[in-house]
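Q: Please arrange chain B on chain A, whose structure you already have, making use of the hints.
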Amino acid sequence: GESVGLHLPTLSVQEGDNSIINCAYSNSASDYFIWYKQESGKGPQFIIDIRSNMDKRQGQRVTVLLNKTVKHLSLQIAATQPGDSAVYFCAENVREYGNKLVFGAGTILRVKS
Amino acid sequence: DTEVTQTPKHLVMGMTNKKSLKCEQHMGHRAMYWYKQKAKKPPELMFVYSYEKLSINESVPSRFSPECPNSSLLNLHLHALQPEDSALYLCASSQLHGQGNTIYFGEGSWLTVV
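As you go down the protein sequences, you meet chains A and B in turn. What the first sequence shows, in the working numbering, is residues 1 to 113, in sequence order. What the second sequence shows, in the working numbering, is residues 1001 to 1114, in sequence order.
Bound-form chain A, shown alone:
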C-alpha cells in the first residue's frame, strides 16, 4: 500500500549536536525522494532531495543518505540549532501512482538549548 515512514516519533537533541532523522519507505519503484521541514503554522519547506541513482547528497549542514537495499532514507543535520526545531517529513515520488508524492508520517525534532 501507500506507506512511507513510521509512527510520528520525537527526537530530542542538544544544541550543537548532530541529528539523524530516519525514514523507511515501502515502494521499491520510488525514484526520487525529498525531505521537508514544517514549522508550526507553516507550509512544508524543501530541505534537500535525492534521486534513486544516488546514495548520498550533501547540502548546507544537511546530508541525505539513501539505502535502496533496505529502503531506508535518513537526514543528517550537523550542529543542530534551535531554529531546526520542527516536524520533518520524508516524501517519495511513486511513479506507478502517476508520479505521486507520498509523505511519511513525520518526525518531531526538538532542540534543547
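Hint data in this document are derived by calculation from the structure and do not stem from the laboratory. Where is the CB? At the ideal position from N, CA and C, for every residue including glycine. Please note that a few of the clues may not be correct.
Straight-line distance between alpha carbons at most 25 Å, and here's what the computed SDA-like set of lysine to any residue pairs gives [said to hold, decoys possible]:
1) A:Lys100 / B:Pro1069
2) A:Lys100 / B:Leu1096
3) A:Lys56 / B:Thr1102
4) B:Lys1019 / B:Glu1084
5) A:Lys71 / A:Arg95
6) B:Lys1053 / B:Glu1084
7) B:Lys1041 / A:Asp31
8) A:Lys56 / A:Arg95
9) A:Lys100 / B:Gly1100
10) A:Lys42 / A:Lys71
11) B:Lys1041 / B:Pro1069
12) A:Lys68 / A:Leu11
13) B:Lys1041 / A:Glu39
14) A:Lys112 / B:Lys1040
15) B:Lys1041 / A:Met54
16) B:Lys1022 / B:Leu1078
17) A:Lys100 / B:Leu1088
18) B:Lys1018 / B:Met1046
19) B:Lys1053 / A:His72
20) B:Lys1053 / A:Gly98
Over 12 Å on every C-beta distance to chain A, these chain B residues come out as not near it, computed from the model [unchecked claim]:
21) Leu1011
22) Lys1019
23) Lys1022
24) Pro1083
A: Quick look at chain B alone, frame taken from chain A:
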C-alpha cells in the same frame, strides 16, 4: 520565503456556504497541486494540474472543485463542506510534474467548517 502565495490564510465557513481558496505562483512552474493536511498528519494529495489540465484527482469528493484559470493561478472552490473537512489546505507547484521536480509549498490556508 515561499514563492507560492495562498489566500486567505484563515477561513471559517458554514456548511451551506460557498467559498474559494486561491493560490498563485510566478516561478513559471507548469504543475500545481492541492494537498490537505490534518493536525499531526502528513500532507495528502488531492489534485494535480499539469499544463493547466487536471491530471490527478485522488478521489476527492465533489464538494471540492479545483480550477486552474492559467499557468500561475490555482483555485479550490468549496461548497457544502462538512466539519471533518476542517484542515490546512496547501497549494504547491513544481517546474513540471514528475520525477526530479521539486515541489514547493505555500504557507497554506487554514479552513474551519462550522
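Q: Look at each hint and say if it fits the structure.
A: Tested hints:
The hinted pair formed by A:Lys100 and B:Pro1069 meets the criterion: a straight-line CA distance of about 23 Å does not exceed 25 Å. A C-alpha spacing of about 13 Å is found between A:Lys100 and B:Leu1096, which places the hinted pair at or below 25 Å, so the restraint holds. The hinted pair formed by A:Lys56 and B:Thr1102 meets the criterion: a straight-line CA distance of about 17 Å does not exceed 25 Å. This hinted pair checks out: B:Lys1019 and B:Glu1084 have alpha carbons roughly 16 Å apart, not beyond 25 Å.
This hinted pair checks out: A:Lys71 and A:Arg95 have alpha carbons roughly 16 Å apart, not beyond 25 Å. Between B:Lys1053 and B:Glu1084 the alpha-carbon distance is near 28 Å, which puts this suggested pair outside the 25 Å criterion. Only pairs whose Cα atoms come within 25 Å are accepted, and B:Lys1041 paired with A:Asp31 is accepted, the gap being roughly 23 Å. For the hint pairing A:Lys56 with A:Arg95, the CA-to-CA distance comes to about 21 Å; that is within 25 Å, so the pair holds.
Pair hint A:Lys100 plus B:Gly1100 holds up; C-alpha atoms about 12 Å apart against a cutoff of 25 Å. A threshold of 25 Å between alpha carbons decides the hint, and for A:Lys42 with A:Lys71 the separation of about 29 Å lies outside it, so the pair is violated. Taking the CA atoms of B:Lys1041 and B:Pro1069, the gap is near 30 Å; set against the 25 Å cutoff, the hint is violated. In summary, the hint linking A:Lys68 to A:Leu11 is supported, as the alpha carbons are separated by about 24 Å, within the 25 Å threshold.
A distance of roughly 13 Å separates the Cα atoms of B:Lys1041 and A:Glu39; the hinted pair therefore holds under the 25 Å criterion. Taking the CA atoms of A:Lys112 and B:Lys1040, the gap is about 21 Å. The hint holds against a cut of 25 Å. At most 25 Å may separate the alpha-carbon atoms for a hinted pair to count; B:Lys1041 and A:Met54 exceed this at roughly 29 Å. Restraint check for B:Lys1022 and B:Leu1078: the C-alpha separation of about 11 Å stays at or below 25 Å, so the hint holds.
Simply put, A:Lys100 and B:Leu1088 have alpha-carbon atoms about 19 Å apart, close enough for the 25 Å limit, and the pair holds. The suggested pairing of B:Lys1018 with B:Met1046 holds, with an alpha-carbon distance near 19 Å, which does not exceed 25 Å. Between B:Lys1053 and A:His72, the direct Cα distance comes to roughly 34 Å. Violation of the 25 Å bound is thereby established for this hinted pair. Our distance criterion of 25 Å between C-alpha atoms is met by B:Lys1053 and A:Gly98, whose separation comes to about 15 Å.
Annotated as non-interface, B:Leu1011 keeps its C-beta farther than 12 Å from every C-beta of chain A; the closest such distance is 15 Å. With a minimum CB-CB distance of about 20 Å to chain A, B:Lys1019 clears the 12 Å threshold, and the non-interface call stands. At roughly 15 Å, the least C-beta separation between B:Lys1022 and chain A is larger than 12 Å, which holds for a residue marked as non-interface. Every beta carbon of chain A lies more than 12 Å from that of B:Pro1083, the smallest distance being close to 21 Å; the non-interface claim holds.
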